[in-house]
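Quick note, the sequences are listed as chains D and E, same order. In terms of my numbering, the first sequence is residues 39 to 828. In terms of my numbering, the second sequence is residues 5 to 164.
Rather than coming from a laboratory, the hints here were simulated on the basis of the structure. For every residue, glycine included, the Cβ atom is placed at its ideal position computed from N, Cα and C. Some clues are possibly wrong.
[What the hints assert, rightly or not] Covered stretches of chain E (chain D as the covering partner; in silico rule of three or more C-beta atoms under 8 Å from a C-beta of chain D):
| # | stretch |
| --- | --- |
| 1 | 27-38 |
| 2 | 45-55 |
| 3 | 92-103 |
| 4 | 106-120 |
| 5 | 123-132 |
[Claimed, not checked] Over 10 Å on every C-beta distance to chain E, these chain D residues come out as not near it, computed from the model:
| # | residue |
| --- | --- |
| 6 | Thr94 |
| 7 | Gly101 |
| 8 | Ala104 |
| 9 | His141 |
| 10 | Glu241 |
| 11 | Asp290 |
| 12 | Leu617 |
| 13 | Asp654 |
| 14 | Leu660 |
| 15 | Glu665 |
| 16 | Gly722 |
| 17 | Met749 |
Letter by letter, the chains look like this.
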Amino acid sequence: MPKDGGIGARSKRREDVRFLTGRGKYTDDIQLPGQTYACFARSQVANGRIAGIDTTAAEKMPGVLAVFTGEDFKDVGGNPAGWLINSRDGTPMKEPKRPVLAHGKVRHVGDAYAAVVAETYEQARDAVDAIEAEIEELPAVIDMASALANSDNLVHDEIGTNQCFDWGWIEDNREATDAAIKSAPHVTTLHLVNNRLVPNAMEPRSSTGSYDPGTGEYELRTTSQNPHLTRLLISAFVLGIPENKLTVIAPDVGGGFGSKIYHYGEEALVLAAAKRLGRPVRWTATRTEAFLTDAHGRDHVTKIELATEKDGKFIAIRTETMANVGAYLSNFSTATPTFLHGTLMAGVYSVPNVYVNVKAVFTNTAPVDAYRGAGRPEATYSIERVVDKCARELGIDPIELRRKNFIKPDMYPYTTPVALQYDSGNYDALVDKMEERGDLAGFEARAAESKSRGKLRGLGISTYIEACGIAPSNLVGQLGSRVGLYDAATVRVNATGNLSVMVGAHSHGQGHETVFPQIVADMLGIDESMIEIVHGDTSKIPFGMGTYGSRSLAVCGSAVVKATEKVITKAKLIAAHMLEAPGEEVEFEDGIFSIKGTNKTVPWGDVALKAYIPHDFPLENLEPGLEETAFYDPANFTYPSGAYACEVEVDPDTGEVDVLSFVAADDFGNVMNPMIVEGQVQGGLAQGIGQAMLENTTYDENGQLLSASYMDYTMPRADDFPMFTVDHSSVTPCTHNPLGVKGCGEAGAIGSPAAVVNAVIDAIQRGGKSDLTHIDMPLTPARVWAAMNA
Amino acid sequence: MTKINMTVNGRAVSAEAEDRTLLVEFLRSGLNLTGTHVGCDTSQCGACLVHVNGEAVKSCTMLAAEAEGAEVTTIEGMANADGSLSTIQAAFQEHHGLQCGFCTPGMVMSAAALLKDNPKPSEAEVRDYLEGNICRCTGYHNIVKAIMAASGQLDAIAAE
Ligand code: FES
Ligand code: FES
Numbered sequence: 039m040p041k042d043g044g045i046g047a048r049s050k051r052r053e054d055v056r057f058l059t060g061r062g063k064y065t066d067d068i069q070l071p072g073q074t075y076a077c078f079a080r081s082q083v084a085n086g087r088i089a090g091i092d093t094t095a096a097e098k099m100p101g102v103l104a105v106f107t108g109e110d111f112k113d114v115g116g117n118p119a120g121w122l123i124n125s126r127d128g129t130p131m132k133e134p135k136r137p138v139l140a141h142g143k144v145r146h147v148g149d150a151y152a153a154v155v156a157e158t159y160e161q162a163r164d165a166v167d168a169i170e171a172e173i174e175e176l177p178a179v180i181d182m183a184s185a186l187a188n189s190d191n192l193v194h195d196e197i198g199t200n201q202c203f204d205w206g207w208i209e210d211n212r213e214a215t216d217a218a219i220k221s222a223p224h225v226t227t228l229h230l231v232n233n234r235l236v237p238n239a240m241e242p243r244s245s246t247g248s249y250d251p252g253t254g255e256y257e258l259r260t261t262s263q264n265p266h267l268t269r270l271l272i273s274a275f276v277l278g279i280p281e282n283k284l285t286v287i288a289p290d291v292g293g294g295f296g297s298k299i300y301h302y303g304e305e306a307l308v309l310a311a312a313k314r315l316g317r318p319v320r321w322t323a324t325r326t327e328a329f330l331t332d333a334h335g336r337d338h339v340t341k342i343e344l345a346t347e348k349d350g351k352f353i354a355i356r357t358e359t360m361a362n363v364g365a366y367l368s369n370f371s372t373a374t375p376t377f378l379h380g381t382l383m384a385g386v387y388s389v390p391n392v393y394v395n396v397k398a399v400f401t402n403t404a405p406v407d408a409y410r411g412a413g414r415p416e417a418t419y420s421i422e423r424v425v426d427k428c429a430r431e432l433g434i435d436p437i438e439l440r441r442k443n444f445i446k447p448d449m450y451p452y453t454t455p456v457a458l459q460y461d462s463g464n465y466d467a468l469v470d471k472m473e474e475r476g477d478l479a480g481f482e483a484r485a486a487e488s489k490s491r492g493k494l495r496g497l498g499i500s501t502y503i504e505a506c507g508i509a510p511s512n513l514v515g516q517l518g519s520r521v522g523l524y525d526a527a528t529v530r531v532n533a534t535g536n537l538s539v540m541v542g543a544h545s546h547g548q549g550h551e552t553v554f555p556q557i558v559a560d561m562l563g564i565d566e567s568m569i570e571i572v573h574g575d576t577s578k579i580p581f582g583m584g585t586y587g588s589r590s591l592a593v594c595g596s597a598v599v600k601a602t603e604k605v606i607t608k609a610k611l612i613a614a615h616m617l618e619a620p621g622e623e624v625e626f627e628d629g630i631f632s633i634k635g636t637n638k639t640v641p642w643g644d645v646a647l648k649a650y651i652p653h654d655f656p657l658e659n660l661e662p663g664l665e666e667t668a669f670y671d672p673a674n675f676t677y678p679s680g681a682y683a684c685e686v687e688v689d690p691d692t693g694e695v696d697v698l699s700f701v702a703a704d705d706f707g708n709v710m711n712p713m714i715v716e717g718q719v720q721g722g723l724a725q726g727i728g729q730a731m732l733e734n735t736t737y738d739e740n741g742q743l744l745s746a747s748y749m750d751y752t753m754p755r756a757d758d759f760p761m762f763t764v765d766h767s768s769v770t771p772c773t774h775n776p777l778g779v780k781g782c783g784e785a786g787a788i789g790s791p792a793a794v795v796n797a798v799i800d801a802i803q804r805g806g807k808s809d810l811t812h813i814d815m816p817l818t819p820a821r822v823w824a825a826m827n828a
Numbered sequence: 005m006t007k008i009n010m011t012v013n014g015r016a017v018s019a020e021a022e023d024r025t026l027l028v029e030f031l032r033s034g035l036n037l038t039g040t041h042v043g044c045d046t047s048q049c050g051a052c053l054v055h056v057n058g059e060a061v062k063s064c065t066m067l068a069a070e071a072e073g074a075e076v077t078t079i080e081g082m083a084n085a086d087g088s089l090s091t092i093q094a095a096f097q098e099h100h101g102l103q104c105g106f107c108t109p110g111m112v113m114s115a116a117a118l119l120k121d122n123p124k125p126s127e128a129e130v131r132d133y134l135e136g137n138i139c140r141c142t143g144y145h146n147i148v149k150a151i152m153a154a155s156g157q158l159d160a161i162a163a164e
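Taking the hints into account, I'd like the entire structure generated from these sequences.
In structure tokens:
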């Protein structure tokens, strides 16, 4: 029987009602009195020297209130990278300044060099057109290999190179890995591209700054996945506004997928402009601006080698990757291709030697940063593609080869050669589940049926592991993180017995307003409806590092549990006082406090009320009130894993690929709300299959973004997918957090691209072209047809 | 500026607008009906979808002035008269057809237009019809499920 409330129930989402009736409040929905509008002047060229900007005409345009250029911000700070990476030779990464508005040079198409604030958006836009900027175009740095080879043509002149860092992981593994590959009986080599993606949250970024001259307080309403982090960056690095004078509010946010983790210059501009004008200033991105300026994802070029024994036992994995960071370092851009990628390069396999080299490259393109999965999809794609290729070379069934090399359930905790310690998992069980749910035994019959219709059917498998629940501060601190990655929660019991729970996680689709109450209600034995979640406002919540890296439940959920436990402890003392018994004799179950071995009881509501009417409290031992805060810092990452199977049909005449079925068998540890977990996986699958089949971000050699709208960038639509089969019944609970949860937000996007590509290669090889071993994503009909007919 | 009159969600409204004002802006800024969203600038995402004289229209493709005298229904007008969720809205909640909620008003309006013309669509017809509505969160799975459920055909979709 499914439960009708609490942990594990398919509780319906309470936030849905406002979204379904048009009462959501997204940033652009909120009008502040006296609000003005900002519009940005953005570079049309990828690389250019700013010779002069004449704003005189723009200033005289109707409705114009202020015009800003890079000059106005040249003395304030820059937007920093959150993670320091050291190169193999021990030198720190190159870290050029990222200003609020471009100064001296523009570095990508869309780079903002000026902004106009006016009474209406249309007036601001008209005035932007009247700004006369003299920008001398320079040759664009686009291709990564040429960027590294050519030091005459630089994105940032002052650093003398286009290489941000040259990172080895783990450098001590290098020699042994090289030697193992040299002497191995079999080595499979694969060159692949992990295509650049645009996150495309459906709500474009939007920010409204306001300033109260009476109190000196600033407020920023913005589309953020982590308002406290944004406040910290603005206060400590960019504008120097005292943290206690700046409130950051992220109200309803329409999706993020990583792109709204980061602080962007527009946020600083609207705050500075609000102060200058004494009026609120709003900016909302057009979709074109979103394409040009949101941090993009992926964009790796990789060579991977897998060395094995003749029987398929893995000996070593070595990868060399060029990772595009774009024109500036976005906040997590340096962590994504390194510690979220290199550390996962053992996958789910027991392989004694692993070495990863990553060169991060500046180019005249939009910044690249974490996008759903962040580094882990890149690692998974490389591993699972090379394992598949290896199976075909050795003539071993791809599932058998994987099973042969899995880390086995009795090997945990398992320390990989790339320095992670996996706490739990059972990969054979996931494959069993995938085989069952996908009826893999029936595949050959289905393939024969497809063949009878002139179609090539293929089956592709992928497994994955990801490091989530980001992250243990102690560990990431040693690895170069400049922030801690704990989270916080305050559980406030009101006098009437209902609760407000302030959480540091931020919901932009994940359903926190529903799931966190399920947990608290379960712990207190009260109804979910008595609990309200407060999030997304730095003035209301204690602190928080926000939502990304599948961390909300594993990290913030653990803080909620801790704070609730503290509340129970305090409530027991109040109950003990009310029942005139020693505190240690109080028991609490199903919302009732009782004294062991007696029939004395007091319900939750009476204790809550008593906390605020403490007429007879022994004040030296018992404080009034019932509210507790907890910070939780995880002991380790969590390690969700899964086994995915994709079936496709390829039309040999057109190269068109149809995804017929997709089965995801995941191990997320314990599941709090299966309905929400399934939704997260389905959404992730669509993004991963979208990457494999449809999506691609293309710059031409001059740095013009060719895919800057929904006309040119293929967003997945409803008719691109079948119904998905999602199974999370294989559970190995996380061993180190109180709920035993692992996180489910990114899995679908991580595990699916390799399964799709493996399926298409399988189909084509079955069709007789067995020498075709790889096609780069996205597998458009043109690419597939060309590969089949090469 | 011209004065524009129309009936929105059954209520006669009139407000000043520039000639270049789009219907979506008129609804959002002029009437403060912010449930209708803007997700793109090329008329492709469907976040702005409303009904004009009973037809599904992307309100970013129509000038407010063109809707002079029209009957317009937005997401704010979709609930039952007593304020409870309509069948389609309730099915979206029941089947988790929304996550961030940004595409949702457009999806609901689109689903309503589909079911009005085709009360028992097949799964393929639903997917096909949603071609003009982009959702980045759900993978469409539960949107399709919700629409099939709203049409009373939950059992007609492929087994999950
Ligand atoms: S805003 Fe109208 S279709 Fe995107
Ligand atoms: S629910 Fe977020 S875009 Fe559809």
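Hints versus structure:
Counting residues of the stretch 27-38 of chain E whose beta carbon lies closer than 8 Å to any beta carbon of chain D gives 5, which reaches the threshold of three, so the coverage claim holds. Under the rule that three or more residues need a Cβ within less than 8 Å of chain D, the assignment of the stretch 45-55 of chain E holds, with 5 such residues. Residue count for the stretch 92-103 of chain E with a Cβ under 8 Å from a Cβ of chain D: 7. That meets the three needed, and the coverage hint holds. Counting residues of the stretch 106-120 of chain E whose C-beta sits closer than 8 Å to any C-beta of chain D gives 5, which meets the bar of three, so the coverage hint holds.
Remark: the stretch 123-132 of chain E is confirmed as covered by chain D, as 5 of its residues place a Cβ nearer than 8 Å to a Cβ of that chain, reaching the required three. With a closest Cβ-Cβ approach of about 26 Å to chain E, threonine 94 of chain D is found to remain outside the 10 Å limit, as its non-interface label requires. With a least beta-carbon separation of about 12 Å from chain E, glycine 101 of chain D lies farther than 10 Å from that chain, consistent with its non-interface assignment. The claim that alanine 104 of chain D is not at the interface with chain E holds, since no C-beta of that chain comes within 10 Å of its own (minimum 22 Å).
With 10 Å as the threshold on Cβ separation, the claim that histidine 141 of chain D sits away from chain E holds: the shortest Cβ distance comes to roughly 28 Å. Once the 10 Å rule is applied to beta carbons, glutamate 241 of chain D is inconsistent with being away from chain E; the minimum gap is 4 Å. With a closest Cβ-Cβ approach of about 7 Å to chain E, aspartate 290 of chain D is found to fall inside the 10 Å limit, against its non-interface label. The Cβ of leucine 617 of chain D sits about 42 Å from the closest Cβ of chain E, beyond the 10 Å cut-off, so the non-interface label holds.
The claim that aspartate 654 of chain D is not at the interface with chain E holds, since no C-beta of that chain comes within 10 Å of its own (minimum 45 Å). Annotated as non-interface, leucine 660 of chain D keeps its C-beta farther than 10 Å from every C-beta of chain E; the closest such distance is 43 Å. The beta carbon of glutamate 665 of chain D is kept farther than 10 Å from every beta carbon of chain E, the shortest such distance being approximately 30 Å. The Cβ of glycine 722 of chain D sits about 8 Å from the closest Cβ of chain E, inside the 10 Å cut-off, so the non-interface label is violated.
A beta-carbon of chain E is positioned within 10 Å of the beta-carbon of methionine 749 of chain D; the least distance is around 5 Å.
When the structure is compared with the earlier hints, violations turn up for hints 10, 11, 16 and 17 and for no others.
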